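S.K.: Given next are the chains, with one letter for each unit.
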Amino acid sequence: MTIRSVLVANRGEIALRVVRACRDLGLRAVAVYSDADAGAAHVRHADAAVHVGKSSAGKSYLNAEALLAAARESDADAVHPGYGFLSENAAFARAVADAGLTWVGPAAEVIERMGDKATARATAQAAGVPVVPGSGVVASVDDAVAAAAEVGYPVLVKASAGGGGRGIRPASDDDELRRVVDEARREAASAFGSDAVYLERMLRAPKHVEVQVLADRHGAVVHVGERDCSLQRRRQKLVEEAPAPGLDPALRERMCTAAADLAREVGYVGAGTVEFLVEEGEFFFIEMNTRIQVEHPVSELVTGVDLVAEQLRVADGRPLSVTQDEVAVRGSAVEFRVNAEDPDDDFLPSPGEITALELPGGPGVRVDTALAVGDVIPPFYDSMVAKLAVWGPDRATALARARRALAEYRVEGVPTTLGLHRRLVDEPALVDGTHDITTLERLLG
Amino acid sequence: MGHTITAKTPGVFYRKPSPDAEPYVADGATVAEGDVIGLIEVMKTYREVKADAAGTVSTWHVDDEDEVTIGQELVELDT
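Protein sequence lines correspond, in order, to chains Z and W.
For the first sequence, the positions run 1 to 445 when this note's numbering is used.
For the second sequence, the positions run 1 to 79 when this note's numbering is used.
Since the hints were derived computationally from the structure, they do not count as laboratory data.
Accuracy of the hints is not assured; some may be wrong.
[Stated by the list, open to error] Label pairs and their computed distance ranges (CB to CB):
1) Z:GLU441 with W:SER18: 27 to 33 Å
2) Z:GLY136 with W:LYS44: 29 to 35 Å
3) W:LYS44 with Z:ALA396: 48 to 54 Å
4) W:HIS3 with Z:ARG186: 47 to 53 Å
5) Z:GLU279 with W:ASP20: 37 to 43 Å
6) W:ALA26 with Z:THR434: 33 to 39 Å
7) Z:ASP143 with W:PRO19: 42 to 48 Å
8) W:ALA21 with Z:VAL329: 47 to 53 Å
9) W:LYS44 with Z:ALA328: 35 to 41 Å
10) W:SER18 with Z:GLU408: 17 to 23 Å
11) Z:ARG422 with W:VAL36: 42 to 48 Å
12) Z:ASP35 with W:LYS44: 16 to 22 Å
13) W:TYR46 with Z:LEU443: 46 to 52 Å
14) Z:GLU408 with W:ASP52: 39 to 45 Å
Here the structure is a predicted model, which means the values were calculated and not measured.
Cβ coordinates follow ideal geometry from the N, Cα and C atoms, glycine included.
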């Protein structure tokens, strides 16, 4: 490899995950840390570490200048951004490349192209990938009403430059649409700097199914199967699994092929995820994430492909280590996100000290976390502090092992979502795999 | 008499609703109980800091964007 030393521009469990991949590949891993993270596990297990600023994310992990300086200072020749923070920031990807460093991800132009919703949607359509029925940008209330007649109610009014679930309004008839269009345009203008909105048909109760893709610089594109991430609260995933239960094999094949085609079409390099909604035997593209994802372990568990190692390989110009024929899905895997939040108090974020910790183990159990007893979960970053991923030779065994692992798992000092997961793993909708994106919010009341 | 408003959660304190906006309360302003005087960002969510007494803003113990701990004194009111 010509990459010898990787700056891991992130924190927490994903930084530790990347550090581990570096060590497996014989690469030097350089961690970065804020004031709050001095002595954190991702720092302790790296070969070197550079302080990048004060505790708040804006002054540390989102500070591109400080991260580039850390790369120079530590003699890193590549930058892995993890997920979140600057991982989908095209300007940062460009700055890394301009500094003569290797960016572990797709080119800045690809991040830009897939980052704008309307552009990504048009790109998917041009590649022959189905999108949710919808309109182009609507210029006025009358335009919107005319477009809705074509699209069919109920519709969602969406900001073209939007993201993170903001700038989206439902309308179930002409009167409601007339009321919300102007409101949506004003909100879009102030939140995203563009008042462009378009309509999308609102699906009733779809499943969220996404396809993992990998691509190298030599034109090879493979898909690494799909994940079902339908258990969500306020558009935040809580439980994910692979393969997607109950998905028709022919539909799965078409979705996986469409995802790989889209990656090929945009000249994708690295690991990426193409997200779809599935309803009544049809699938619709919603967005592409141009980075490694939180829930990547379930795909690793069922295929044996080390996705982070593959990211580092292809960033270095080497070919993917697997061909499409060699990617085989075996068994079933489920991941539970352990968030420092209180499910009994409207999921109130709860930073604080871990006073006791017992991790589950045994057959089929993988825990990705950077937490140890005595660590303080800082208030400055995401509340997701651990992931429990469980594999079994079949889905029923995976869920039985998950029940066992969740019973063993103990965290004291802060409230977490573990208790909720113990309940969810026995929910009939999850057990029989019929859950959709409306299930969790309905269960929570 | 004076009254001190303290942080109910750790995080990053903001005196303004957004970077370009005016502060929630100006120095010397009068606030009623329940008025929003700032925000604390905790784990990517924003929680309003409300005055738990009526009074006049006299002394700030923190600046905009300061990191605060739970129970830390934020601002004093003349009541």
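S.K.: Now look at each hint and say whether the structure bears it out.
M.R.: Cross-check of the supplied hints:
no. : hint                              : result
1   : Z:GLU441 with W:SER18: 27 to 33 Å : 29 Å, holds
2   : Z:GLY136 with W:LYS44: 29 to 35 Å : 33 Å, holds
3   : W:LYS44 with Z:ALA396: 48 to 54 Å : 36 Å, violated
4   : W:HIS3 with Z:ARG186: 47 to 53 Å  : 39 Å, violated
5   : Z:GLU279 with W:ASP20: 37 to 43 Å : 41 Å, holds
6   : W:ALA26 with Z:THR434: 33 to 39 Å : 56 Å, violated
7   : Z:ASP143 with W:PRO19: 42 to 48 Å : 34 Å, violated
8   : W:ALA21 with Z:VAL329: 47 to 53 Å : 51 Å, holds
9   : W:LYS44 with Z:ALA328: 35 to 41 Å : 38 Å, holds
10  : W:SER18 with Z:GLU408: 17 to 23 Å : 45 Å, violated
11  : Z:ARG422 with W:VAL36: 42 to 48 Å : 37 Å, violated
12  : Z:ASP35 with W:LYS44: 16 to 22 Å  : 18 Å, holds
13  : W:TYR46 with Z:LEU443: 46 to 52 Å : 27 Å, violated
14  : Z:GLU408 with W:ASP52: 39 to 45 Å : 42 Å, holds
The structure does not agree with the numbered hints 3, 4, 6, 7, 10, 11, 13 stated previously, though it agrees with the rest.
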